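Student: Please construct the entire structure, taking both the sequences and the accompanying hints into account.
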Amino acid sequence: MTWTRSKGRVGLLVLAMLTLVLSLAACGGGDDDGGDEGAADGVITINWGAEPPSLDPGLATDTTSSNVILNIMDPLVKLEGEELTPTPSLAESWDVEGATVTFHLRDDGQWTNGDPVTAEDFEWSWKRTISPELAADYAYQFFGIKGAAEYNGCEENCDALRDQVAVEAVDDLTLRVELTSDQPWFIQQAAHHSFLAVHRPTVEQFGEKWTEAGNIVTNGPFQLARWEHNANLDLVKWADWRNADDVALERINGRMITEGTTAVQAFEAGEVDEVGALGGLPPEELPRLKGLPEYEQTPSLGTYYYGINTENIPDVNQRRAMSLAIDRRTIIDNIAQADQLPATGFTPSGMPGYDTITPSSEWLPESGDIERAKELMEQVQNPVTDVTLVINDAPGHRDIAVAVQSMWAELGIETEIQQQEWAQFLESLGPPPARSTDAYRLGWIGDFVDAINFLELWTCDSGNNNTNWCNEEYDSLVEQARGTADEGERFDLYSQLEEVMFGPDGEVPIMPIYFYTNVSLQRESIKETYNQNLLDQIDLSEVVEE
Amino acid sequence: MTALVVRRLIWTIPVILLVIFLTFVLMRQIEGNPFRTSERAIPESIQRNLEEKYGLDRPWYVQYAKYVRGVFTGDLGPSLVLRNRDVNDIVREHFPVSLQLGGLAMLFALVVGIPLGMLSALRANTWFDYGAMFVSSVGFAIPSFLVATLLIYYFALQWGEYFPFPTSGWEGWESKVLPSIALGLGPMAYFARLTRGSMLETLQQDYIRTARAKGLRWRRVVVVHTLRNSLIPVVTAAGPILGFLITGSFIIEQIFAIPGIGRYYVTAVTGRDYSVVMGLTVLLALIVIVANLVVDILYGFLDPRTRDARA
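Chains as they are written, first to last, in the working numbering: chain S, 1 to 546; chain D, 1 to 311.
Derived by calculation from the structure, the hints in this document are not laboratory data. Quantities reported herein were computed from a predicted structural model and do not represent experimental measurements. Note that beta-carbon positions come from the ideal geometry of N, C-alpha and C, so glycine has one too. One or more of the hints may lead you astray.
List of simulated lysine-lysine pairs, DSBU-like, C-alpha gap at most 35 Å [claimed, not checked]:
#	chain 1	residue 1	chain 2	residue 2
1	S	Lys127	S	Lys209
2	S	Lys78	S	Lys527
3	S	Lys237	S	Lys290
4	S	Lys78	S	Lys290
5	S	Lys78	S	Lys127
6	S	Lys146	S	Lys209
7	D	Lys53	D	Lys66
8	D	Lys53	S	Lys209
9	S	Lys78	D	Lys53
10	S	Lys146	D	Lys53
11	S	Lys78	S	Lys146
12	S	Lys290	S	Lys527
13	S	Lys209	D	Lys66
14	D	Lys66	S	Lys127
15	D	Lys53	S	Lys127
16	S	Lys237	S	Lys209
Just a sample of chain D residues kept apart from chain S, beta carbon distances all over 10 Å, derived [unchecked claim]:
#	residue
17	Thr12
18	Pro14
19	Ile16
20	Tyr64
21	Lys66
22	Gly70
23	Gly77
24	Tyr130
25	Ala141
26	Thr202
27	Gln204
28	Asp206
29	Gly215
30	Ala237
31	Pro240
Tutor: Here you go:
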């Protein structure tokens, strides 16, 4: 018995229903302006990689936010060239006399609403970021300024303490800053997005919502045209910017594709012209992508390392042996795969003075030295053979940990890999680290271009020293370096610091593995000028579409 | 019916209070600090300023009371991590997207799943039936992230020139097709199997034979007598599934870069953004309550007996 009528109708019915679904899906248009392949109309589409958590220079802490902000705002100082030399931007010049720094502003700085940019804007903005009310994470960037830490930590008399913060607009175009000591890197640091000015009337009018697209007033080469959270953030050229004639791009459409595979597919489908610079490319795809003409790779100022809880593993020979056993070349070639450089010390290559500073440590051999590691291990009185290695649960870190686990196994060390979710992982790092933690993985990306930013991590009371390692000689060398204005002398001190950790008598509290690189796919029409610097910044005002 | 709705709405209040309480307790039990998002250490004074600003330095019951008051006055508080946004903004901007995505996926599941199940039942044990049930088994078994990846690979990239679909995003109808199918495929398969089974059972009933015997047109027998009665299990399942589709689309939102609320939910939990987690949990609890309420009302229409029993 069959209960059906015509067979053709079934197919028609399904087709009709599919059409219905599709047509119902058609709510809200939106023209497809991504990926104008070939047409050099000054419009490009890039992937920001993620939603910027904040476009407030005082509150932003991450690379994506920082990249957006530095393209829509005008910093006092800009870092140019491969060496990241401080170059005048909104400040046409500056004087440094010991601990006093004076910036002289250009007179044609302007906000997008027509107001001039003045030294008062900077004084107000910096004090706002330092203020306890804003509760900014990066307030500590200002702690090198006299009175800043006191104001930030104030319980009472906050207004009086605010007035004592040594940032002063002497006149409309002169900004004077007094530092707590000579800080030779301060000019470098002033290029950081925390040191930008914000437009006071806008901030006061809109409160926390001042960074939304309709509200924000900026003073840089681009303006925020659209910000649909977690979806699109588009910039347009600001025609009245002081150097607008030199800016080639008319518009940057920005997507927020967090999933690496989707981002690569969007690039291959021609929807975006750049992916990876801010958000990376999936390591498993790299072998294939490396063959493409659009593949680009640049060094980054960062070090991937394993730290040791020196209270649990006190014998220096065991730490040296563990470091010697790590085959950095294998990890880079087979797991990380982005042609990272094997670490030779903690200060990454590309850092000014790197050649002087790096210890080219015998404890950090590129391909490991298992024989020597075994010899050292035999000298250890009470070797720790059960090691708990704590990592955060991301596939890349796990793969490296598994490799290290097998490398340490050759020393007779049994490694238990403990994966933790990011927030929990940070808690267990301390400092001090959880008692059960013997080793951990972490990375450090530079905030500014001076090795102090890396080396001061390992002082006894540093909040980033998760090793329990404390060396007085090291601390006093850091103190000395902080007050040394002369670059050559300072680099020598940095080199001595590296020696304390990684020299022939080095204590090896950490085991650097590699120096980071940035990898991305860039349409060939922009590849020439789309450059990411050592601090992961992309200056879109210099990009030219050919 | 009105009494039922009113009673259920009143019950919502204690349920929400319980949800808030449990979420509050659970979130504080896990380790983590909402203000430390990167490996960089935060100086003590800054941590203190942040806790003061967001009231985390107060005793837990003060925080709890403040939060409950906020929920009932419609203020879900500021995000602790996204410093320029509050939870109300996030809900207002992103919930409609998830609602639309979930709705479209549900629509796809119903519009394809029910006819597929129906036709399979009417042609039970034919090649069509076997084929449809094979497809639905596969659709049910393959995880949505794989479906999503395959859909993007073939329909947006490999055969991209023949189809208008982009790889990702949520602008224009073209971008909404693949994610809706990826999300709706599992439920579609489920509805198809459910409809088929239920329909086969109904077709065995005496009243169907009676309807046939008294000479009713076949189409009428199928649509009015069989389908309507067969849909009760589908409707029962549809409520929770709709809730799940709206709230559980995190992976699809992530893969297709869709600005829905699921992405916020998961990142908020991993980032310990307490207020976002709380706000979204309350919202999702409400959705599940409403979806179940709608199902109960629909029962009344499909089966008048339940209407009398509950009123």
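Student: Going through the numbered hints above, which ones does this structure break? Give me the numbers in ascending order.
Tutor: none
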